[in-house]
Amino acid sequence: MTDQELIIGIINREKPVIQYLVSTYHRQIIKTAYHFVQDMDDAEDLAQDVCIEILESAKYFRGSASLSTWIYRVTVNKSLNFIRKNKRKQLVKQFETFFSSQKQPGEDLYPEPATENNGLHHEENRRLLEKAVNLLPANQRIAFVLSKYDELSYKEIADIMNTSVASVESLLSRAKQNLQKNLISHFSEYANKK
Amino acid sequence: MNDCITLRENLFAYSENELAPSLKAQLDRHVAVCSSCSALAQQFNNVLAVVKEQSEAKPLPFAETRLQQRIDNYLESTGKPLFSFSVRALLQPAVISLGMMLALAIGILIGSEKAGKHTGLTNATDLEMRHDLNIPENSNDDLISFTE
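Quick note, the sequences are listed as chains A and B, same order. The opening residue of the first sequence carries number 0 in numbering that gives the first Met the number 0; numbering runs sequentially from there. The opening residue of the second sequence carries number 0 in numbering that gives the first Met the number 0; numbering runs sequentially from there.
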């Protein structure tokens, strides 16, 4: 089924076409959303939002990019909006944690790094990486996630972000530098604490 | 010490084997003898390993079925409405106004019926009073306008 046929079927709310859309793209949508929000249940909820957005906006799809690229765009936008909205919730949670356990706010921002010696589960490394990635500016984060997690080519990322390949290269380079700086700084802080 | 700085500046590229072979070899030699740089490279590799692991993440079982069900529910709940929004926006106040007018009319009807019954009683009393005062029944005079 071509992109055009899919779009026409979606506009006409043809059930087999919508089933085909969900069947073909649900993995891509859920995985990309998960790479941003780091929670599979949230990613599934976002996938629903993405599919509904596609059903509602199909009539505006002009075909200047491929359907897959457009779906990536919608997924990235929905995921970033979700993270933005959740930040407020997380602040409230940190506030509550502070008063309930008398921890310093932000103490949990970076967990202890997991090494072979301290025997901590790699879950800590996951949280550490998640926090470091979330500190990146939005554009650098999108480029990093799509490149490293979704393993897309620079050209594909450039299409999704509606920019040039050179810009993607630059964004990725800065993202790596920032991530490296954030992680090293955390490792040093942790070593000093010890 | 210089190699320590070089490693920190190129840690990402070093971990991902993206450095020029000569620089890579130089840093390999340094990491082999510098315990702090070795620990740093190890920690960094541990964190980056998570990226690889997460890139292979798979949706939960039956995610497609659940998603399909949610989309079906959405489509059912948003089936074509009988009237468009603008028509509904106009019809809604009109229907409410009509309802209120109907209620008012029923109220008036019930009220006037009761008043009618009350008037009947008054007429009976009126006749009795006319009889007591010797006023003819078919007289047009008002009960209270006595003639001398």
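Heads up, a few of these hints could be off.
A few chain B residues facing chain A, derived, Cβ under 10 Å [stated by the list, open to error]:
| hint | residue |
| --- | --- |
| 1 | Ser21 |
| 2 | Lys23 |
| 3 | Asp27 |
| 4 | Leu39 |
| 5 | Leu66 |
| 6 | Gln67 |
| 7 | Ile70 |
Listed next, the in silico DSS-like pairs over lysine-lysine satisfying Cα-Cα at most 27 Å (straight line) [unchecked claim]:
| hint | chain 1 | residue 1 | chain 2 | residue 2 |
| --- | --- | --- | --- | --- |
| 8 | A | Lys14 | A | Lys86 |
| 9 | B | Lys57 | A | Lys130 |
| 10 | B | Lys23 | A | Lys84 |
| 11 | B | Lys57 | A | Lys86 |
| 12 | B | Lys57 | A | Lys180 |
| 13 | B | Lys23 | A | Lys14 |
| 14 | B | Lys113 | A | Lys180 |
| 15 | B | Lys57 | B | Lys23 |
| 16 | A | Lys180 | A | Lys86 |
| 17 | B | Lys113 | A | Lys154 |
| 18 | A | Lys86 | B | Lys23 |
| 19 | B | Lys51 | A | Lys130 |
| 20 | A | Lys130 | A | Lys84 |
| 21 | A | Lys154 | B | Lys57 |
| 22 | A | Lys130 | A | Lys86 |
| 23 | A | Lys58 | A | Lys130 |
These are calculated hints, taken from the structure and not from any lab test. The structure presented is a predicted model; accordingly, all values stated were derived computationally and were not measured. Beta carbons: idealized from backbone N, C-alpha and C, even for Gly.
Now for the hints, and whether the structure bears them out:
Checking B:Ser21 against chain A: minimum C-beta separation of about 21 Å lies over 10 Å; hint violated. Hint status for B:Lys23 relative to chain A: violated, with the closest Cβ pair at about 16 Å, above 10 Å. Checking B:Asp27 against chain A: minimum C-beta separation of about 18 Å lies over 10 Å; hint violated. This hint holds: B:Leu39 has a C-beta 6 Å from the nearest C-beta of chain A, less than the 10 Å allowed.
This hint holds: B:Leu66 has a C-beta 5 Å from the nearest C-beta of chain A, less than the 10 Å allowed. For B:Gln67, the suggested interface contact is upheld, since its CB lies about 5 Å from the closest CB of chain A, less than 10 Å. Look at B:Ile70: its Cβ gets to within about 5 Å of chain A, closer than 10 Å, so that hint holds up. Note on A:Lys14 and A:Lys86: the hinted pairing is violated, with a Cα-Cα distance of about 37 Å set against a maximum of 27 Å.
Only pairs whose Cα atoms come within 27 Å are accepted, and B:Lys57 paired with A:Lys130 is accepted, the gap being roughly 21 Å. For the given pair, B:Lys23 sits about 43 Å from A:Lys84 by alpha-carbon distance, which is inconsistent with the 27 Å threshold. Taken as a hint, the B:Lys57 and A:Lys86 pair is honoured in the structure, with Cα atoms around 25 Å apart against an allowance of 27 Å. At roughly 30 Å between alpha-carbon atoms, B:Lys57 and A:Lys180 are farther apart than 27 Å, so this suggested pair is violated.
A distance of roughly 56 Å separates the Cα atoms of B:Lys23 and A:Lys14; the hinted pair therefore is violated under the 27 Å criterion. Straight-line distance between C-alpha atoms of B:Lys113 and A:Lys180 comes to about 89 Å, which puts the hinted pair past the 27 Å bound. Distance restraint check for B:Lys57 and B:Lys23: the Cα-Cα separation of roughly 34 Å exceeds the 27 Å cut-off, and the hinted pair is therefore not satisfied. Distance restraint check for A:Lys180 and A:Lys86: the Cα-Cα separation of roughly 23 Å lies within the 27 Å cut-off, and the hinted pair is therefore satisfied.
Of the pairs offered as hints, the one joining B:Lys113 and A:Lys154 is violated, with about 85 Å between alpha carbons and a cut-off of 27 Å exceeded. The hinted pair formed by A:Lys86 and B:Lys23 fails the criterion: a straight-line CA distance of about 40 Å is larger than 27 Å. The straight-line distance between the Cα atoms of B:Lys51 and A:Lys130 is roughly 17 Å, inside the 27 Å bound, and the hint therefore holds. About 16 Å separates the Cα atoms of A:Lys130 and A:Lys84, which keeps this hinted pair within 27 Å; it holds.
Restraint check for A:Lys154 and B:Lys57: satisfied, since their Cα atoms lie roughly 24 Å apart, inside the 27 Å limit. Proposed proximity of A:Lys130 and A:Lys86 is supported: the alpha carbons are some 12 Å apart, at most 27 Å. Of the supplied pair hints, the one linking A:Lys58 and A:Lys130 is violated, its CA atoms being roughly 38 Å apart against a limit of 27 Å.
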